[in-house]
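S.K.: Model the full structure from these sequences, guided by the hints.
Chains as they are written, first to last, in my numbering: chain A, 9 to 313; chain B, 9 to 313; chain C, 9 to 313; chain D, 9 to 313.
Everything labelled a hint here was simulated from the structure, so no lab data went into it. Don't take every hint at face value.
Put simply, identical chains are the same to the list, so a pair is met inside one copy or across any two.
To be verified - Simulated pairs of lysine-lysine, DSSO-like, Cα-Cα distance not exceeding 27 angstroms:
| no. | residue 1 | residue 2 |
| --- | --- | --- |
| 1 | 61 | 31 |
| 2 | 38 | 144 |
| 3 | 212 | 31 |
| 4 | 228 | 212 |
| 5 | 142 | 61 |
There are 4 protein chains.
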Amino acid sequence: MSLEGKWFFELITPDLVMMYRVKSYIYSGKTPYQSVEILETDSLGRSLVLDGKTQSATFDEHIYHEALVHPAMLVHPNPRSVFIGGGGEGATLREALAHPTVERVTMVDLDARVVELARLHLPTHSRGAFDDPKTKLVHEDARGFLEQTQESYDVMILDLVDPLEEGTAYTLYTREFYQAALGRLNPGGVLVTQSGPGSPLNHKECFTAIVHTLSGLAAKVLPYSAYIASFVTPWTFTMAVADGDVRVPTEPAEVDEIIRERFGRRLRFYDGETHRHMFSLPSYLREGIASETRVVTDENPVFMV
Amino acid sequence: MSLEGKWFFELITPDLVMMYRVKSYIYSGKTPYQSVEILETDSLGRSLVLDGKTQSATFDEHIYHEALVHPAMLVHPNPRSVFIGGGGEGATLREALAHPTVERVTMVDLDARVVELARLHLPTHSRGAFDDPKTKLVHEDARGFLEQTQESYDVMILDLVDPLEEGTAYTLYTREFYQAALGRLNPGGVLVTQSGPGSPLNHKECFTAIVHTLSGLAAKVLPYSAYIASFVTPWTFTMAVADGDVRVPTEPAEVDEIIRERFGRRLRFYDGETHRHMFSLPSYLREGIASETRVVTDENPVFMV
Amino acid sequence: MSLEGKWFFELITPDLVMMYRVKSYIYSGKTPYQSVEILETDSLGRSLVLDGKTQSATFDEHIYHEALVHPAMLVHPNPRSVFIGGGGEGATLREALAHPTVERVTMVDLDARVVELARLHLPTHSRGAFDDPKTKLVHEDARGFLEQTQESYDVMILDLVDPLEEGTAYTLYTREFYQAALGRLNPGGVLVTQSGPGSPLNHKECFTAIVHTLSGLAAKVLPYSAYIASFVTPWTFTMAVADGDVRVPTEPAEVDEIIRERFGRRLRFYDGETHRHMFSLPSYLREGIASETRVVTDENPVFMV
Amino acid sequence: MSLEGKWFFELITPDLVMMYRVKSYIYSGKTPYQSVEILETDSLGRSLVLDGKTQSATFDEHIYHEALVHPAMLVHPNPRSVFIGGGGEGATLREALAHPTVERVTMVDLDARVVELARLHLPTHSRGAFDDPKTKLVHEDARGFLEQTQESYDVMILDLVDPLEEGTAYTLYTREFYQAALGRLNPGGVLVTQSGPGSPLNHKECFTAIVHTLSGLAAKVLPYSAYIASFVTPWTFTMAVADGDVRVPTEPAEVDEIIRERFGRRLRFYDGETHRHMFSLPSYLREGIASETRVVTDENPVFMV
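M.R.: Shown next, in the form of structure tokens:
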């Protein structure tokens, strides 16, 4: 196989770089907030890259988005109102709307241009979700929105870009922000956030700090992880429930039963045994969390490479 | 950070290439059987690369080798004799010898030069294991050895290089070979083999075929996986027990108790919850296995990219 | 400076690869004849890449095209009719039309789509030349055209893609083709062809064979070279005159005088001293020519890497 | 051809990176002054890389070193004493000693370790020159040496590493240094320095400034260039003579005659027509020189990328 032609380089660490052979560039440009590439590769299909970081690819976006959305949505027995922070591709919205209990989803993503590009160039990510009458789409800073809204939600899903030093998303990973967000949860509500990479190489970049920060604010905090091939690394998610009485299922059969009741069908990625795989953390992640002392604040944020 | 200088390229797929920034090349050469690189990177420490494929790196070789060795060794209540096929770095040997029940380990690795280089340049991989009086090191083809030996073993650990088309190891991943190997197990014995990458991108390269092949030969076959950062992909392992009465623990507490009894201490990577993480397969691996029909034979081998 | 983002790889030799950091891809696609990329880099501006080979870039296309066109056009005292083979970007056409003596230019380029893309995306290459009433543009195989046409020309300029094994242009670098082409020259006419790379690494790929082949057919053959930064190598050109009495100037002052007479102004790259630089070959090129024995024929073509 | 394995990246500009496929790393390390790599590639043979910049490669070091040494040595009718600044590989020394008139060569190179490594790993560069009784090797700063020595020389050859911002060699490219150096020339003496890359992309980095600086100090300044394949760019050299009566030959026959008289044989790269090629500058170099206004001083040095 040849060396020639179009490659895309993405940093894993400053010493590990992933080269993707690009079949075609669908879009390259800048919005007021970030650089955007939509590119197509043989292995991963079509992917969205913001500020140099792959956000999701058609090959395995269902893994990322099911892992992000369904555990929290199924912990809640009857989620009717959902808040999504970020999630520009529309796939988080798609998965949230797939729950028949849902009556209203408020999605707040700063960057209208990314949503527009995703609707045009990544249509299978949203599959019509933006046109669903239950969807309310707002282009605003998610933090400003949550600090001012009077609404409250059964489930809040934070599908945000990574906290990069040169970006602005890092203010959506702090104690102050989480306090504001948890304050907009209805009783029995559940919050989940993507919480960065979870490989032995980089789980201390932000994952452990996010878990530790949320642990000071919520009754139960449940970190979990799933391998995302298009990121070439396990990715982490952190669920938080304010109310300690909320029950989180652990047995595969129980999860499978809840899925069956909610959907009447199987999901593509998430099921009972997958749940157990994701929520049983390998030792290094548990040890990283146990030894973490950082509380992320507006004054002392965390940044990813 | 700069582009300049020494990089090592490793293919994940023909479209995904990992670039490692190399601090130094410790050794580069060819043995009669394969090309060898021992290189040092900032992120992964010192790594061994055979025929262009990273075998292990000091940063996380304990994850790979504990995942390979301990589940099988702990399923057996009293492993006294161990066979290792391959395992040139000596770390599989090291982990096997760590079990106080072990009286004798026969390690058969074709390539004496790799063992010699690993002892010299990767001393923390073997940490003296080659000098242990319980160790018997043979440089021969593992298949030929097993077909001729009169010995039998409580545990057999196959830590082989991948089945590459241009290599010869592919004859160590066939039904005929597994039959020969299982035939050298003592009653109640356990066999485990590394079984290739387990990401959604490549789990059908050889993992599912190996599982399917062993399923036709052993009473119980237990595939599992662990993410190996230095491979930038989850890796799979497959355990097989000929005797259906052998009990494989599933509860974390039970595994932790067995570890405590055997070692009187905690291990570095492997513990009860890690066990559950590894043995609870994400849905795509289970579906890949369920839909697999290939039986790997000497006539119809499988190859990795 | 960062590693991340879009890179384009071009082979110089199988062991030397040039990486261009791409600002944007203007166009990527395939015509019936070849793959096309139009890309923008900071260093080289906008460039056209056909079948993985950079053809020209706005940064220095004037060097390539002046070097190709003007020496032959100025050797002829009064070039009125010009034939161009290839030259899809339109810059060879532009430079030919810049000669006030010219009444008619017939440009034969197989690939209409490349011409169309160049007009749209590389407008400064042609600067209106395609709309000049003196221009006759034909989309046909240049060889077929020349073998059938009744027209003849004062100057013939062969601005062809390289003779790649997988392409078809190699039939435009053979003795049979050159015979047909020289046969369409008017008395006193001059032919010039691009003749491939001229570095010590690769001048024997096709340059010396082209010179040797033309030497068997024309009274005078004058090879010359110019460094083209966007190719990161010196490039060669070979001029041939059928009539041995044609005088080729060698003194800088003489060339400068001819330029002044023809244009009444200085050119951007080509002048008397540049002429001497280009036509005085470094020793390895002369020795390569002197020791060359290959005659390129339809049966025994040459190919570039 | 495969992507896998060892590559070396070298920056041409921040947007153009050359990738060399490395067969083997002969040496990698750091001296007190710089990082050193000696590596072997298929295309270029064995090369020396200091602080990330290729210094010379066995494939074409004869081109670089003949171009640097012989023009100045042959302008002088009877060079008996030669000063070399830098030149650690020993090839400049080798070429200087090849002149039968030479009685004494003083080579001052700061970095003893580089000389030692070159003698060991690049023996064909020096071919015994370090053991020649005419050679006096000093490991000292060339500037300090010249400012203190009482010796004077017929020819001075500055074969220095590039003026990098992070290095110290930039003090050997300033008016103050050139004054000191020219002050150590015997009557009728000639100085020559390598003066950086000479492509349209980078000739203004330092070449034009060096020429302009020397022009204020010497009676005649003659810049010239030669393409060096292992640098993938033309390289420049600048010769300066303090005494305006020194005659520099320009006609190929004259140069060939001088070579014949001096050596009684032909050289490998340098001859009369090559001389004319090198000393006839393409227009952009002449224009770059003509428009240059920078005088390089200790206070206002120039740096290469």
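S.K.: Against this structure, judge whether each hint is valid.
M.R.: Cross-check of the supplied hints:
1. Taking the shortest alpha-carbon separations for residue 61 and residue 31, both the intra-copy value of 18 angstroms and the inter-copy value of 17 angstroms come in at or below 27 angstroms.
2. Taking identical chains as interchangeable, the C-alpha atoms of residue 38 and residue 144 lie at most 27 angstroms apart only when both belong to the same chain, with a minimum of 25 angstroms there against 42 angstroms between chains.
3. Proximity of residue 212 to residue 31 under the C-alpha cut-off of 27 angstroms is restricted to the inter-copy arrangement: shortest distance 23 angstroms between copies versus 34 angstroms within a copy.
4. Taking CA atoms no more than 27 angstroms apart as the test, residue 228 paired with residue 212 passes inside one copy only; the shortest distance there is 21 angstroms, against 38 angstroms between copies.
5. Proximity of residue 142 and residue 61 under a CA criterion of 27 angstroms is satisfied in neither setting, with 30 angstroms inside one chain copy and 50 angstroms between copies.
The structure fails to meet hint 5 from the earlier list, while all remaining hints are met.
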